[in-house]
Amino acid sequence: AGMIPGFQDPEAAQAKPVQPADEEMGEKAAGPLLVALPEAVAGMQKKEDDMVMNIPEMTHLELFKTFVWFGCRAFGGPIVQIALMKEELVEHQKWITNARFMRALAMYQVLPGPEATELACYFGYLAKGRPGALLGGLGFLLPGVLLMLICSCIYVTYGVMDKRTQASFQCIQVVVAALIFRGTYKLAEAVLVDPATKTFSFFNFYMVLWCFLTSIINLNFFIALATCGVMMTITHHLSDQRKELIAMAVSLGPLAIFGGYVAAFGMPTGSMIGAGVVGSSSPGGLFLLGIIAGLVTFGGAYTTLPFIFTAAVQNGGWLSEEAFLDSIAITTALPTPLVSFVILPGYVGGGLLGAILICTGIFLPALSFTLIGHEFFEKVMERGAVRPFLEGVGIGVIGLLVQTSFLFLRAAVQAPVDACVFYMALQGAFTWNHKYTQPLLLVTAAIAGQALYV
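Sequential numbering from 114 applies to the sequence shown in this note's numbering.
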């Protein structure tokens with residue numbers, strides 16, 4: 114007890130009668146102490162967790178091969194990939210404590226980028242510093258990226274000219290649209306339900322609605338997302354009622370003004386409202402598009418879809434809606450993070466160089482966070498304004514994704530048979546929650562397409 118400043122021995126305290134003034138002072142002094150003690154204990158626990166490591170001695174080549182092997186088994190999406198690393202490196206080999214792993218995962222879930230890739234960099238960083246972080250990330254990505262490059266080359270070179278192949282891909286595209294709807298629903302559910310109270314969050318709903326409606330009128334998504342980030346930053350300390358009123362005013366007020374403008378002067382052009390940041394398929398444009406998509410990957414790879422779709426299909430026009438859906442279907446069947454789907458649009462737009470550049474761009478933020486310094490970003494995330502801003506951006510991205518999901522639905526479902534396939538795939542995606550559900554649905558679609566679409 115004597116080691117804690119300001120802590121008095123209870124017997125000594127009893128020896129002195131407490132006067133009213135002393136009582137008031139005691140209440141004021143006790144407050145900071147009662148707050149400081151848990152923080153001090155938590156800080157000491159964090160230091161203890163950071164000191165407990167059991168990382169085996171290995172060469173850089175051995176580290177690289179370790180994560181290449183993880184990459185070869187990276188089927189089933191980020192949840193399965195993260196669970197695989199946790200099971201082998203935390204539970205079995207005990208590289209770090211479970212508490213430290215969960216703290217790192219929590220940070221990477223707030224930062225943009227695929228969490229599994231960021232964790233591969235993190236473990237590599239712990240083993241061999243910054244060179245290890247680069248080797249861990251690249252090793253994890255290498256198998257899936259190479260396979261996706263090969264598939265993209267085959268797809269672009271030979272296409273799907275065969276009638277039976279076209280039938281399979283037509284059915285697969287409908288299933289992919291259903292999988293995107295299911296992913297959008299799960300992401301929206303996570304942000305629209307308050308995790309603390311398990312009640313519907315109208316504040317988050319208004320931010321999602323703001324981004325959904327602004328994406329319909331082609332407002333530049335940077336403006337929409339920045340609005341959500343600023344709104345969350347300035348209101349996160351307010352009561353729920355005040356937050357909801359502010360969010361409703363910020364989200365619906367400008368749209369009402371916009372409606373009045375359209376009624377008076379007509380719809381503005383895309384250039385007037387800043388629609389489309391990158392529409393070019395030049396090497397520089399593809400690299401920039403990859404970086405932009407990598408910086409808005411909040412909560413899962415599906416959140417990148419609106420940005421790539423807008424740039425490549427709607428604004429650029431160098432990729433068809435069918436090819437976009439095919440890129441997602443191919444990636445889902447491979448052991449790779451889903452954001453690797455950008456390789457096919459990049460290959461269509463700029464050949465092998467374009468595929469490499471857009472892939473490098475989308476993974477660059479994830480690699481950079483650990484290369485710059487994990488501890489640095491831990492400190493940044495502890496600052497009051499950074500985390501709320503990123504959380505607001507992450508919520509806003511869901512609104513863009515909802516609008517894009519409806520565009521996919523319109524592109525894929527054009528006949529009664531398409532609607533039946535969509536319904537059955539959606540039912541299957543919600544019913545069977547297994548790591549191989551998505552690949553099995555795609556294989557089933559490829560087989561069913563021979564009977565339904567030939």
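If you're looking for bench data, these hints aren't it; they were derived computationally from the structure. Keep in mind it's a predicted model, so treat the numbers as computed, not measured. Keep in mind that a hint or two might mislead.
Within a straight-line C-alpha distance of at most 25 Å, the following computed DSS-like cross-link-like pairs (lysine-lysine) qualify [to be verified]:
no.	residue 1	residue 2
1	K178	K492
2	K178	K207
3	K199	K492
4	K492	K241
5	K548	K299
6	K241	K276
7	K199	K276
8	K178	K276
9	K299	K311
10	K199	K178
11	K299	K241
Quick list of simulated restraints, FRET-style, between CB atoms [said to hold, decoys possible]:
no.	residue 1	residue 2	range
12	K299	A564	29 to 35 Å
13	Y271	V556	17 to 23 Å
14	K492	Q563	54 to 60 Å
15	Y271	K299	33 to 39 Å
16	E175	K199	29 to 35 Å
17	Y549	Q206	38 to 44 Å
18	E204	E175	17 to 23 Å
19	Q527	K199	38 to 44 Å
20	Y536	E201	23 to 29 Å
21	E491	H205	23 to 29 Å
Virtual Cβ for every residue (Gly too), placed ideally from N, Cα, C.
Status of the hints after comparison with the structure:
1. K178 - K492: Violated, because 31 Å separates the two Cα atoms, which is more than 25 Å.
2. K178 - K207: Holds - the C-alpha atoms of K207 and K178 are around 19 Å apart, at most 25 Å.
3. K199 - K492: holds (24 Å)
4. K492 - K241: holds (22 Å)
5. K548 - K299: Holds: K548 and K299 sit about 15 Å apart, inside 25 Å.
6. K241 - K276: violated (51 Å)
7. K199 - K276: Since the Cα atoms of K199 and K276 sit roughly 44 Å apart, the hinted pair is violated (cutoff 25 Å).
8. K178 - K276: Roughly 41 Å separates the two Cα atoms, so the pair is violated.
9. K299 - K311: holds (15 Å)
10. K199 - K178: Holds, at roughly 17 Å.
11. K299 - K241: Status violated; Cα separation ~37 Å.
12. K299 - A564: 29 to 35 Å: Holds: the Cβ-Cβ distance is about 30 Å, inside 29 to 35 Å.
13. Y271 - V556: 17 to 23 Å: Since the Cβ atoms of Y271 and V556 sit about 21 Å apart, the hinted range of 17 to 23 Å holds.
14. K492 - Q563: 54 to 60 Å: holds (56 Å)
15. Y271 - K299: 33 to 39 Å: holds (35 Å)
16. E175 - K199: 29 to 35 Å: Taking Cβ atoms as reference, E175 and K199 lie about 20 Å apart, which means the hint is violated.
17. Y549 - Q206: 38 to 44 Å: violated (26 Å)
18. E204 - E175: 17 to 23 Å: Since E204 and E175 have Cβ atoms about 21 Å apart, the given range 17 to 23 Å holds.
19. Q527 - K199: 38 to 44 Å: Given range 38 to 44 Å: holds, Cβ gap about 43 Å.
20. Y536 - E201: 23 to 29 Å: Given about 39 Å between the Cβ atoms, the range is violated.
21. E491 - H205: 23 to 29 Å: holds (26 Å)
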